[in-house]
Amino acid sequence: MSLANIRKKAKQKPPRIVLYGGAGIGKTFFAASMNKPIFVLTEDGMGKIEADHFPLATSFEDVLKNLQSLIDNDNDYKTLVIDSLDWLEPLIWDKACQDNNWKSIEQPGYGKGYVEVLKYWREYISLLNQLREKGYTIMQIAHNQIKRFESPEIEAYDRHELKLHRKAADLILEHSDCCFFANFKLGTVQVKGKGGNMTTKAVAGDRVVYTVEKPAYLAKNRYALPESLPFDWETVRAEMLK
Numbered sequence: 006m007s008l009a010n011i012r013k014k015a016k017q018k019p020p021r022i023v024l025y026g027g028a029g030i031g032k033t034f035f036a037a038s039m040n041k042p043i044f045v046l047t048e049d050g051m052g053k054i055e056a057d058h059f060p061l062a063t064s065f066e067d068v069l070k071n072l073q074s075l076i077d078n079d080n081d082y083k084t085l086v087i088d089s090l091d092w093l094e095p096l097i098w099d100k101a102c103q104d105n106n107w108k109s110i111e112q113p114g115y116g117k118g119y120v121e122v123l124k125y126w127r128e129y130i131s132l133l134n135q136l137r138e139k140g141y142t143i144m145q146i147a148h149n150q151i152k153r154f155e156s157p158e159i160e161a162y163d164r165h166e167l168k169l170h171r172k173a174a175d176l177i178l179e180h181s182d183c184c185f186f187a188n189f190k191l192g193t194v195q196v197k198g199k200g201g202n203m204t205t206k207a208v209a210g211d212r213v214v215y216t217v218e219k220p221a222y223l224a225k226n227r228y229a230l231p232e233s234l235p236f237d238w239e240t241v242r243a244e245m246l247k
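Counting from 6, one number per residue, gives the positions in the sequence shown under the working numbering.
Source of the hints: derived by calculation from the structure; they are not laboratory data. Take the hints with a grain of salt, since some may be wrong.
[Claimed, not checked] Below 35 Å or equal to it, Euclidean Cα-Cα: the simulated DSBU-like pairs (lysine-lysine) are:
| # | residue 1 | residue 2 |
| --- | --- | --- |
| 1 | K168 | K152 |
| 2 | K172 | K16 |
| 3 | K219 | K18 |
| 4 | K225 | K190 |
| 5 | K247 | K172 |
| 6 | K70 | K124 |
| 7 | K18 | K225 |
| 8 | K41 | K16 |
| 9 | K83 | K41 |
[As the list claims (entries may be wrong)] Have a look at the derived ranges for each label pair, beta carbon to beta carbon:
| # | residue 1 | residue 2 | range |
| --- | --- | --- | --- |
| 10 | E179 | E239 | 19 to 29 Å |
| 11 | N80 | E239 | 19 to 29 Å |
| 12 | E55 | I11 | 43 to 53 Å |
Quick caveat, the model's predicted, so the values are computed rather than measured. All residues carry an ideal CB built from backbone N, CA and C; glycine is no exception.
Construct all of the structure, not just a fragment, from the sequences and the given hints.
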């Protein structure tokens, strides 16, 4: 290969984002505010939000067909939204059980079922990559769960993570450019306690997205973003473009 092919900067592609947080915080609304979104639904969570979407997927095959149709047919969409990853996961488990004649994902024993399903996740990710090459921003929504994190350096502690099996979550996170944790920013107020003494109480404030991993939550970004940003896509996008 010629040295003329050497580049200092990589070609910029649309971002691959994971947005996770508690139920009702506004993840779907956030995604709907992105540029020309098309939703692939695995859960019925649109509510009154008006955005283009495929019919609710009830199988892994439905999800793949929806993605393939976007690849094969010219359209004006700019953002693919998967809503949600944790409702996609049982569809993948069902597919693996059908293909292997398992009664459940646990049947192979020793966690082998969760390793086997990674090939289906990779098939799904391959289609996401093809859409990204076509110019789509990839937005994947997930709920959160609080899990015990075993650190090799300090005592184990609880933190917010994706509501996925650990192996699937690791694969999704490795593939993503950003993993944003949506939550309410904590503040403090002074309240009158017992005996009339004033004490400090934590309260939930405005919604934010956390972009950098902390002991309390999993997060990441490849854009040198501030540790937290307002829960607003235009603000987040502006920071990513800097």
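Hints versus structure:
1. K168 with K152: Within the cut-off at roughly 9 Å; holds.
2. K172 with K16: holds, 29 Å
3. K219 with K18: holds, 27 Å
4. K225 with K190: holds, 18 Å
5. K247 with K172: holds, 33 Å
6. K70 with K124: holds, 17 Å
7. K18 with K225: Within the cut-off at roughly 18 Å; holds.
8. K41 with K16: holds, 23 Å
9. K83 with K41: Within the cut-off at roughly 5 Å; holds.
10. E179 with E239: 19 to 29 Å: holds, 28 Å
11. N80 with E239: 19 to 29 Å: holds, 23 Å
12. E55 with I11: 43 to 53 Å: holds, 47 Å
Checked against the numbered hints above, the structure violates none of them.
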